[in-house]
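2 protein chains.
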Amino acid sequence: MLKGFRQRLLRVDLTNRRIWVEPIAEDVLRRFLGGSGLGAWYHFQETTASTDPLSPENLLGFFAGPATGTLVPTSGRHAVVARSPLTGLWGEADVGGRWGWTLKRAGYDGVLISGAADEPVYLWINDDEIEIRPAGHLWGKDTYSVDELIKGETTAKTVVGSIGPAGENLVKVAAIMFDGKDARAAGRTGLGAVMGSKKLKAIAVSGSQDVPVANPEGIRRLLQELLPLMKRQAQGMTNYGTAGGMVTIEEVGDLPIKNWQEGSWPEGAKKLSGQHMAETILVGRYYCASCVIGCGRVTEVKEGPYLTGRGAGPEYETLSTLGAMCLIDDIAAINYGGELCNRYGLDTISTGALIALAMEAYEKGYLSPEQTGGRPVKWGDPEIMLQLISDIAQRRGLGAILAEGVRASVKRLGLPPEFDLEVKGLELPAHDPRAYNSIAVGYATSNRGACHLQGFSHVLEKSVTLPELGYPELQDRFAVDGKGILTARAQDLMAIYDSLKMCKFSLFAGVKPTHMLTWLNYVTGWSMDMKEFLQIGERIFNLKRLYNLHLGVDGRQDTLPLRILQQKRSTGGAAENLPPLSQMLKEYYQYRGWDENGVPTSKKLAELGLEREAGS
Amino acid sequence: MLKGFRQRLLRVDLTNRRIWVEPIAEDVLRRFLGGSGLGAWYHFQETTASTDPLSPENLLGFFAGPATGTLVPTSGRHAVVARSPLTGLWGEADVGGRWGWTLKRAGYDGVLISGAADEPVYLWINDDEIEIRPAGHLWGKDTYSVDELIKGETTAKTVVGSIGPAGENLVKVAAIMFDGKDARAAGRTGLGAVMGSKKLKAIAVSGSQDVPVANPEGIRRLLQELLPLMKRQAQGMTNYGTAGGMVTIEEVGDLPIKNWQEGSWPEGAKKLSGQHMAETILVGRYYCASCVIGCGRVTEVKEGPYLTGRGAGPEYETLSTLGAMCLIDDIAAINYGGELCNRYGLDTISTGALIALAMEAYEKGYLSPEQTGGRPVKWGDPEIMLQLISDIAQRRGLGAILAEGVRASVKRLGLPPEFDLEVKGLELPAHDPRAYNSIAVGYATSNRGACHLQGFSHVLEKSVTLPELGYPELQDRFAVDGKGILTARAQDLMAIYDSLKMCKFSLFAGVKPTHMLTWLNYVTGWSMDMKEFLQIGERIFNLKRLYNLHLGVDGRQDTLPLRILQQKRSTGGAAENLPPLSQMLKEYYQYRGWDENGVPTSKKLAELGLEREAGS
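So the protein lines, in turn, are chains A and B.
Heads up, the first sequence is in the working numbering, so the first residue is 6 and it goes up one at a time.
Heads up, the second sequence is in the working numbering, so the first residue is 6 and it goes up one at a time.
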């Protein structure tokens, strides 16, 4: 049995204002670990196909991982999960910062919110003292302000997760923001709107307890052994953040440019690079709890039109979507736009995609002067970008349409199908499936819709070897045979990352699955082997698939936007490649043990111990 | 598909003197790898429960591994497999040296012998030229002489595997010996008698072809990366051989002393230690093909009654069974006895066990003067030891009884049950299950009967950590909970070692399962992951179990000798421990997915893809 490995779920029913604590069964932990895996299990048990995402029946879960709160490096993360109002399907977002770490120190592995309050509230978790507090005075406030106000009402050490106006306004691309102006985002799948629908403005946490582990000495020893390697290997990430690879990413044709229409934009990429940021607006680095990499950027803009105070700077995704996607190369403007998204509580990826859609629609004559408020919505115009961010968050003018996401906007604006740049309702992040064939399979099959992080497979084609997965060498990004298998294995490993919860960037620091498994065993006191460990990822991925299948998904939704499938870009590092999706998907299904409709066979479900889940 | 990964089986039907070559299907290789796994698969397909071990219908297989013949360190091994005439069950033996390496260079992964010759023959494999040659002139000769004679008839580079007089005489503990006076033994389960029953004196091999691999550069790179670590970690093994641990092994109560009756013999252990050998009779070290450890001993005795020329010296097992088991502490005498066993072609482990049985039986009055030829069979007498070796090999006097093995000798001599020191008919090797609880589970469940190498689990309780198996720290040897699981996992890994074929001593040199998997992928061009890799071991172990189940084995045979289960030794490093076998076995069965009778459930067989095998 576990020595001191605590497993407690905090339950909050906002409708009835009930709060209670439940144990989490060890066999459930061993099958789903924590994070989004455990979150998926609760949703699978307790919601149905008729649960409306914005109804009180939807659950909103915040789950740390078994290692969160410990010294295990990069473990200081948590997952937010719910049925997504943007996609109507499985929704999850992965967050860094200090909130999950603090939740664990308050004595909880997760918080599961049900029901809805009848007026704005926030949840205050202070070790064993838990209160549902009125939040009328916070409603309408941006997330940076909310953070300061709640700290003032509680303690200076309190860590706050909150929605901004976007979540309150049920904007479908609303994020939940953590850590105030350090701004760690649960960005994707519109979970801020779920929080808004529950009238839950914030969850504030303070914790004073050590997180017990089975083998603290082992954890420390492995950390000491790996630390020099991790710091050395991650040096580029530490120095230049996630945008340190911007120039290379543009060179290989991986950067989305002008709403996925162009293949090359070298001058722009240079201006948006982490190196350029370091020379201009960078004033510091940010480390999440237990992190040794520090990819987070701290920026400040002291002159020009886009002044900001010291706070979280833009990551690669923000620079690409608010920048390259819109042909904007002014890093200060994007920094400002990023902060606006953070304060409003908006997913920068989906928001950038929506702005790029508007710019292309305007250029091609699909927007009327009434719809644009008479202003030209031109490529490369920072002012329009900033205006649209506010409009989306406030549901004003064109923003009221865009606030529903790309899929709905294409319909509402009557745009041709090639504008429909989403998978299963989620806007594409800033990695082009035409540059890495595995990204094509990954976007098409990710359970939360188009997502690079649910597969993260292209790192195996770029810079990371994973002998335990069968890839001791870098893989050819344009290969077709074996790509379905590679994607499936990467997704299963990422499902473990999202559940354990470790940061995927630890891969860039030399952390391998064997290290992850060892840390898990040290934390829990288990003696799990690699076979069982890797199978957990497969189980979790399949459970989320089952969740979506119950909502009507099948293989027909495992596809990509027309533009990605059919339109070569003619320039750049992947000018001629179009991913042969159906061929790769066939291999993927076969390897996964799914039938030709993308449904897991009963043999596969039995192998994964998911018979009961499948039958319910 | 495989790039250049060759997979060919040489078939020889001695009855009809037919020789042909067959491809080995890739899916079979991917499921069973090579070595004893692949050998088990052929036996499972092509023999029945009524196949008498000494009949022409029994198959005798010699299988190298996928990595044999390459630079992969410690890969130069092969397996010999057949239904065992000693146990009546699954028989296999694992051999080093250069024979397997040379077979691969001749273009074959294995040789499978069926039928029987009507007069003595030997097989001559010289690349594609293969002959069945007369061996009347070799019959009766010892293995060292046979090696020289065949080299004279073929080439100086020829590598010979042969039986000695013991195998010819169908002695049930007869070995097959390789590499002449370098003397690498396929010792266990009496396979020399199978070779003798086929009138096959020897298989001589010469090969001139490079062994193609998919990624030679990768193999070389990983070798270079690991080489310094391997050499450093294995330094003790290089310096002092397998008996370098003799003193410690005695201290912890792991050494069998006086036929498993005593717990302590420190002065004797010192005299039999690798350190003492290095100070006395050691003149060199022996490296198997592709080995970087060199645990093999080369000895020469130049004075005293036990003169030997330069040749293979005794290993730990020989020193323990001919030595400690018989209370003999004269290392030169044991060296001589070891060479006798090598020349006659006898398994030193079983032979030592038989001599110890005779000594105890004599002491306790169970042997008549007629049975002993009037000579006292006293503990500690080297002359008796040497005499009995010859008598067993020649089936003379008491040796004619002992030649049938311990189980049959106990019956024939009317000895009480506590003399019955075997499991499933195989004599115990020199590690005491009372010193390591996992050895108890391992001996009880090993598919070839009492064997430390089929589990090798005690290394996890002693000096080796295996994070991939869930054991990043050394385990408590006297623990009970978890021991069934640990043993099963270790057995599955060893099934991979026995099939790949790498040397298990690479574990002492820092080689981990991830390295093995990577090498396999480099050799084959596969992209196998760790889940599939570890499952291969489980599949192979279960296939051998199925083979034995078809021969009538069930859980009742998963037991240990009474002496081990019931008799504490009162002295030494494990004086008070008796392994609680039934409790550990329960966990073991459950973890394995076997029912309470030790039969794999259909669910487990389906999971392992062994439905077809189970149904046949």
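No wet-lab data here; the hints were simulated from the structure.
Incorrect hints may appear among the rest.
One copy or any two copies: either way a pair holds, since identical chains are not told apart in the list.
Stated by the list, open to error - Straight-line Cα separation of at most 30 Å, DSBU-like style, residue types lysine-lysine; simulated pairs:
1) K517 - K236
2) K509 - K416
3) K307 - K204
4) K236 - K608
5) K307 - K383
6) K608 - K591
7) K204 - K573
8) K369 - K416
9) K186 - K608
10) K591 - K609
11) K609 - K156
12) K416 - K609
13) K467 - K517
14) K591 - K275
Structure-based check of all given hints:
no., hint, verdict
1, K517 - K236, "both (15 Å within a copy, 24 Å between copies)"
2, K509 - K416, "neither (35 Å within a copy, 64 Å between copies)"
3, K307 - K204, "neither (36 Å within a copy, 93 Å between copies)"
4, K236 - K608, "neither (44 Å within a copy, 46 Å between copies)"
5, K307 - K383, "within (27 Å within a copy, 97 Å between copies)"
6, K608 - K591, "both (18 Å within a copy, 27 Å between copies)"
7, K204 - K573, "neither (45 Å within a copy, 70 Å between copies)"
8, K369 - K416, "within (16 Å within a copy, 97 Å between copies)"
9, K186 - K608, "neither (49 Å within a copy, 54 Å between copies)"
10, K591 - K609, "both (16 Å within a copy, 27 Å between copies)"
11, K609 - K156, "neither (49 Å within a copy, 55 Å between copies)"
12, K416 - K609, "neither (38 Å within a copy, 51 Å between copies)"
13, K467 - K517, "both (16 Å within a copy, 25 Å between copies)"
14, K591 - K275, "neither (39 Å within a copy, 64 Å between copies)"
Violation of the numbered hints given earlier is confined to hints 2, 3, 4, 7, 9, 11, 12 and 14; the remaining hints are satisfied by the structure.
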